[in-house]
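Asks: Those protein sequences? They're chains A and B, same order as listed.
For what it's worth, the numbering used here labels the leading residue of the first sequence as 1, then goes sequentially.
For what it's worth, the numbering used here labels the leading residue of the second sequence as 1, then goes sequentially.
Please keep in mind that the hints were generated in silico from the structure rather than gathered at the bench.
Please note that a few of the clues may not be correct.
Said to hold, decoys possible - Restraint ranges, calculated between C-beta atoms of paired labels, are given here:
(1) B:V419 with A:S66: 15 to 23 Å
(2) B:F403 with A:E143: 20 to 28 Å
(3) A:F185 with B:G351: 53 to 61 Å
(4) A:R326 with B:L16: 34 to 42 Å
What the hints assert, rightly or not - Capping the alpha-carbon separation at 27 Å, the derived lysine-lysine pairs in DSSO-like fashion look like this:
(5) A:K286 with A:K311
(6) A:K311 with B:K277
(7) B:K224 with A:K311
(8) B:K218 with A:K238
(9) A:K153 with A:K238
(10) A:K311 with B:K208
(11) B:K208 with A:K286
(12) B:K224 with B:K297
(13) A:K107 with A:K214
(14) B:K218 with A:K106
(15) A:K101 with A:K165
(16) A:K238 with B:K208
(17) A:K106 with A:K214
(18) A:K311 with B:K452
(19) B:K134 with A:K286
(20) B:K208 with A:K107
Glycine residues also receive a C-beta, built at the ideal position from the N, C-alpha and C atoms.
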Amino acid sequence: MDLINAVIVLLNYTVIPALTYGSQLALGAIFVTLIYGILRFANFATGDMMSFGTMFAVLLTYYFQSIGISFGFLPTALLTIPFAIFMMILYMLLIDQTVFKYYRIKKSPPVQLAMVSVGVMFVTQAVIRIIIGPTDRRFLDGEKFILKATEFKEMTGLAEGLTIKSTQMITIVVTIIVVAIMFWFLNKTKTGTSMRAYSDNEDLALLSGIDPKKVVLITWIIAGILATIGGILYGLDKSYRPFVYFNNMLPIFAAAIVGGIGNPYGAFFGGYVIAFAEIFLTYAYKRFLVYILPESLEPNSLMQLLSTDYKFAISFSILVIVLIFRPSGIFEGKRI
Amino acid sequence: MRNYLNIIVAYSIMMLLIILVGIFQSWSIALTIFNYCMISAVMTLGANIQWGYAGLINFGIMGYTALGGLAVVLVSVAPVPEAWSVGGVNMMTCLGIIIIMIFSTRYILKNIQKSNKRNYLIAGIIIVGLILIKIIAGPAIEQIEAVDPAKTGFLGGLGLPVLFSWIVGGLFAAGLAFIVGKVALGLRADYLAIATLLIAEIVVSIIKHEDWLARGVKNVIGLKRPAPYEIDLQTSPWFINLVEKFHSAKLDLANSLSERQDILNQLVIDASSVYVKLCFAGMFLVVVIILLIITQKALYSPWGRMMRAIRDNEEAASAMGKNVVKQHLFIFILGSAIVGIAGAMMVTNDGLFTPGSYRPMRYTFVIWVMVIVGGTGNNFGAILGGFVVWFLWVEAAPIALFFINLFTAHLPETNEIKVHLINSAPYFRFLLVGIGLLLIMRFRPQGIIPEKIIKQ
Numbered sequence: 001m002d003l004i005n006a007v008i009v010l011l012n013y014t015v016i017p018a019l020t021y022g023s024q025l026a027l028g029a030i031f032v033t034l035i036y037g038i039l040r041f042a043n044f045a046t047g048d049m050m051s052f053g054t055m056f057a058v059l060l061t062y063y064f065q066s067i068g069i070s071f072g073f074l075p076t077a078l079l080t081i082p083f084a085i086f087m088m089i090l091y092m093l094l095i096d097q098t099v100f101k102y103y104r105i106k107k108s109p110p111v112q113l114a115m116v117s118v119g120v121m122f123v124t125q126a127v128i129r130i131i132i133g134p135t136d137r138r139f140l141d142g143e144k145f146i147l148k149a150t151e152f153k154e155m156t157g158l159a160e161g162l163t164i165k166s167t168q169m170i171t172i173v174v175t176i177i178v179v180a181i182m183f184w185f186l187n188k189t190k191t192g193t194s195m196r197a198y199s200d201n202e203d204l205a206l207l208s209g210i211d212p213k214k215v216v217l218i219t220w221i222i223a224g225i226l227a228t229i230g231g232i233l234y235g236l237d238k239s240y241r242p243f244v245y246f247n248n249m250l251p252i253f254a255a256a257i258v259g260g261i262g263n264p265y266g267a268f269f270g271g272y273v274i275a276f277a278e279i280f281l282t283y284a285y286k287r288f289l290v291y292i293l294p295e296s297l298e299p300n301s302l303m304q305l306l307s308t309d310y311k312f313a314i315s316f317s318i319l320v321i322v323l324i325f326r327p328s329g330i331f332e333g334k335r336i
Numbered sequence: 001m002r003n004y005l006n007i008i009v010a011y012s013i014m015m016l017l018i019i020l021v022g023i024f025q026s027w028s029i030a031l032t033i034f035n036y037c038m039i040s041a042v043m044t045l046g047a048n049i050q051w052g053y054a055g056l057i058n059f060g061i062m063g064y065t066a067l068g069g070l071a072v073v074l075v076s077v078a079p080v081p082e083a084w085s086v087g088g089v090n091m092m093t094c095l096g097i098i099i100i101m102i103f104s105t106r107y108i109l110k111n112i113q114k115s116n117k118r119n120y121l122i123a124g125i126i127i128v129g130l131i132l133i134k135i136i137a138g139p140a141i142e143q144i145e146a147v148d149p150a151k152t153g154f155l156g157g158l159g160l161p162v163l164f165s166w167i168v169g170g171l172f173a174a175g176l177a178f179i180v181g182k183v184a185l186g187l188r189a190d191y192l193a194i195a196t197l198l199i200a201e202i203v204v205s206i207i208k209h210e211d212w213l214a215r216g217v218k219n220v221i222g223l224k225r226p227a228p229y230e231i232d233l234q235t236s237p238w239f240i241n242l243v244e245k246f247h248s249a250k251l252d253l254a255n256s257l258s259e260r261q262d263i264l265n266q267l268v269i270d271a272s273s274v275y276v277k278l279c280f281a282g283m284f285l286v287v288v289i290i291l292l293i294i295t296q297k298a299l300y301s302p303w304g305r306m307m308r309a310i311r312d313n314e315e316a317a318s319a320m321g322k323n324v325v326k327q328h329l330f331i332f333i334l335g336s337a338i339v340g341i342a343g344a345m346m347v348t349n350d351g352l353f354t355p356g357s358y359r360p361m362r363y364t365f366v367i368w369v370m371v372i373v374g375g376t377g378n379n380f381g382a383i384l385g386g387f388v389v390w391f392l393w394v395e396a397a398p399i400a401l402f403f404i405n406l407f408t409a410h411l412p413e414t415n416e417i418k419v420h421l422i423n424s425a426p427y428f429r430f431l432l433v434g435i436g437l438l439l440i441m442r443f444r445p446q447g448i449i450p451e452k453i454i455k456q
C-alpha cells in the first residue's frame with residue numbers, strides 16, 4: 001500500500017506536470033528546429049511569436065464569452081485555435097515577405113538572420129504590448145479538473161490523492177495529435193519529403209525541381225500552427241503574460257539544441273528531457289521517501305536536490321553539458 | 001579631417017539632442033541620460049571588441065554586467081562580522097573544497113589518458129565535492145541569512161573604496177569569460193549566441209537566489225559613492241554660495257527675504273543633484289576616453305590587424321601561423337572584462353544592486369542593437385550606438401506620446417482607442433528600437449559609422 005501511495009505522490013507532483021510542461025516545450029522546440037532546419041537561422045523571436053498567436057486566442061476567447069459562445073466543459077480557447085492560427089500565419093508571412101525574404105535571397109550568413117530576428121522580436125513584443133498590455137491574463141473556462149484529489153481518495157481508499165487538471169489532459173492529447181500529424185506530413189506526403197530534401201541539401205533540392213518558395217511557405221504555415229498551439233496550451237495551463245513567453249524562449253532553445261537542432265524528433269524528445277530534468281531535480285522527495293523507507297530512516301530535511309529557484313538554470317546547465325560533450329545534440333542534429 | 005567629418009557631425013547631433021532634453025525637460029534628466037549613455041557606450045565597446053574585431057557573438061552581456069555589479073557589493077560594502085562569525089569558517093571551507101576540486105580535476109586531465117576511467121574519476125570528484133559543499137554550506141547559509149535579515153543577512157563585502165570595485169568587476173567578468181570561452185568558443189556562431197545567453201542566465205539566477213552572497217532579490221541599497229551625497233552638498237556653505245552666485249540674477253528678482261530663501265533652497269536641491277551627476281559624468285567620461293584610446297590603438301596595431309584577419313578568414317589566418325583558438329579566447333576575455341567594468345559603473349551610479357533587474361531584453365539585446373546600429377568594428381561607431389539607442393530607449397515614450405496626441409487630436413479625451421494608446425506609450429520603445437534595428441540591418445548593414453580600414 002505504501003508503495004502505491006509513493007507512486008501516486010510521484011505521479012501527482014512530478015510525472016504529470018513534467019509531461020504537460022514537456023509537451024508545451026516540445027511544440028516550441030519543433031517550431032525552433034523547423035525554422036533552423038529549413039530557413040537556417042536561430043529565431044530569437046520564438047517566444048514572442050508564440051505569444052502573438054496566444055494573444056489572439058485570448059482576445060477571441062473574451063469576445064466569444066461576451067457573445068455567449070462556449071465549448072461545454074472544454075475551454076472556449078480551443079474553439080479559437082483556428083482563427084488564432086490564421087492570424088499568426090498571416091503575421092509570419094508578412095514578416096517573412098518584409099524582413100526575412102531579403103536576407104534569404106541574398107544568402108546572408110545565419111548570424112545576420114539571427115540578428116534580424118532580434119529586431120523582429122522587439123517589434124513583435126511592442127505590438128503585443130500595445131494591443132493587449134503586459135498584464136497577467138487567465139482565459140481558462142470550462143471544467144477545471146478531470147480528477148480531483150478527494151474523488152480519487154474516495155475511489156481508491158488511498159491516503160494520497162491524484163489530481164488531473166483538464167488543461168494537463170488537453171495539453172498532452174493535443175500535443176500528441178499535432179505532433180503525430182506533423183510527423184506523418186513530413187514523412188509520408190510529397191510536400192513533406194520535399195521539405196526534408198530542402199533542409200538536407202538546398203542545391204540538390206533545387207536541382208530536382210523543388211520550388212523553394214513553396215517550401216518556405218509551408219514551413220511558415222507549420223511553424224505558425226505549432227507556435228500558436230504551443231502558446232495557447234501553455235497559456236491555458238499557467239496564464240498568459242507576454243514577459244513569461246519571452247523568457248520561455250530560453251528553455252525552448254535548450255530543448256531544441258539538446259535534442260539536436262534541425263531534427264524534429266530530437267526537439268520533441270528534448271522538450272521532455274528538459275521538463276523532466278527541471279521537475280525531478282527540484283522536487284522535494286521527502287513525502288515520497290516517507291512511504292518508501294522504513295520509519296527509522298525517515299528523512300528530516302526536504303530531500304530536495306536543488307531549490308525550485310534554479311528551475312531554469314537546470315535546463316541551461318543540461319544544455320551546456322550537452323554542448324560540451326555532444327555539440328550536435330542527443331540525436332544527430334541538422335536533419336529533418 | 002574629412003575622414004572624421006561624419007563622426008564629428010554624428011556626435012554633434014547627439015550632443016545637441018541631449019542638450020535639447022536639458023532645455024525642454026530638465027538638466028537632471030539630461031545628465032541621467034548622458035551618464036547611462038556613457039555606461040552603455042562602455043558596454044558596446046566591450047561587445048564591439050568581440051563582435052567587430054573578432055566576429056565572436058556574445059549574447060551573455062547580461063551575465064558580465066551582473067558580475068560587475070556583484071563586484072561593487074563585494075568590494076565596497078562593509079563586512080558583516082556577525083555573519084562571518086556564524087558562517088564564515090564553513091563558507092571558506094567550501095571555497096577551499098571548490099579550489100581543491102578544480103586542481104584535482106586539472107591534475108587528472110593532465111596525467112591520465114583519455115578514457116572512461118578518467119571520466120568516472122572526474123564525475124566522482126564533482127559529485128563528492130558537491131555533496132560535501134551541500135552538507136557544509138547548508139547550515140551555514142541558513143545561519144548567515146538569519147543574521148538581521150531585514151538589513152543584512154549576507155556576508156557583506158570588504159569595505160574598500162568603491163572605485164576599486166570597477167577593476168574587480170572587470171576581473172570577475174574576465175574570470176567568467178575564461179570559463180565560458182573554454183566551454184563554448186568552439187561552437188558555431190548561432191550556437192555560441194544561445195550558449196552564452198543561457199550561461200549568463202545561470203549566472204544571474206545564482207546571484208539572484210544565493211542570498212548569503214549579496215542578498216539576492218532582496219537587493220543591496222545605499223552603496224558607497226565616489227561622488228558627494230546630495231544631502232551633504234545641500235548643507236555645505238561653499239556649495240550654497242556657489243549656487244547663489246550662479247543664479248544671482250534670478251534671486252534678485254525675489255520680493256522678500258523669505259521668498260528669496262525659498263527659491264534658493266529649491267535651487268540648491270536641484271543643483272546638488274546636477275552636481276552629483278556631473279561628478280559621475282566626469283568619471284565615466286574618463287573611463288570612456290581611456291578605453292577609447294586603448295581600443296583605438298589596439299585596433300590599428302599589428303594585433304588588431306591579426307584579429308581582423310582571423311575574423312575575415314579563420315583558415316587563412318591559422319595557415320599563417322596565428323593561434324586562432326587562443327586569440328579568440330583572449331579577445332573574448334578582454335571584451336567581457338570591459339562589459340564587467342560597465343556593470344560595476346552602472347551599479348555605482350545607481351547606488352543599489354538589484355539582481356532581479358538583470359534581464360536579457362535590457363542587458364543583452366538592447367546592447368546588441370547598439371553595436372549593430374552604431375557600426376561594427378568601429379569604436380567611435382560603437383560609442384555613438386550606445387548614445388543613440390539609449391537615448392531612443394529612454395525618450396521613446398515622450399516621443400510616442402507626442403505623436404499619439406498629434407494623430408488623435410481630433411478624437412475626444414474619453415475615446416477608448418486614444419486612452420489605450422496613451423496608456424501603452426511606454427511600449428513604443430520596443431517598436432522604435434526594433435524598427436531602427438531592422439532598417440539599419442537592411443539599408444546600412446555596416447552601421448551609422450562603418451568600419452574603416454587604414455591601408456598601411
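Asks: Look at each hint and say if it fits the structure.
Replies: Here's how the hints hold up against the structure:
no., hint, in the structure
1, B:V419 with A:S66: 15 to 23 Å, "20 Å, holds"
2, B:F403 with A:E143: 20 to 28 Å, "47 Å, violated"
3, A:F185 with B:G351: 53 to 61 Å, "57 Å, holds"
4, A:R326 with B:L16: 34 to 42 Å, "54 Å, violated"
5, A:K286 with A:K311, "19 Å, holds"
6, A:K311 with B:K277, "40 Å, violated"
7, B:K224 with A:K311, "34 Å, violated"
8, B:K218 with A:K238, "26 Å, holds"
9, A:K153 with A:K238, "25 Å, holds"
10, A:K311 with B:K208, "13 Å, holds"
11, B:K208 with A:K286, "26 Å, holds"
12, B:K224 with B:K297, "34 Å, violated"
13, A:K107 with A:K214, "18 Å, holds"
14, B:K218 with A:K106, "49 Å, violated"
15, A:K101 with A:K165, "42 Å, violated"
16, A:K238 with B:K208, "23 Å, holds"
17, A:K106 with A:K214, "18 Å, holds"
18, A:K311 with B:K452, "46 Å, violated"
19, B:K134 with A:K286, "17 Å, holds"
20, B:K208 with A:K107, "41 Å, violated"
Violation of the numbered hints given earlier is confined to hints 2, 4, 6, 7, 12, 14, 15, 18, 20; the remaining hints are satisfied by the structure.
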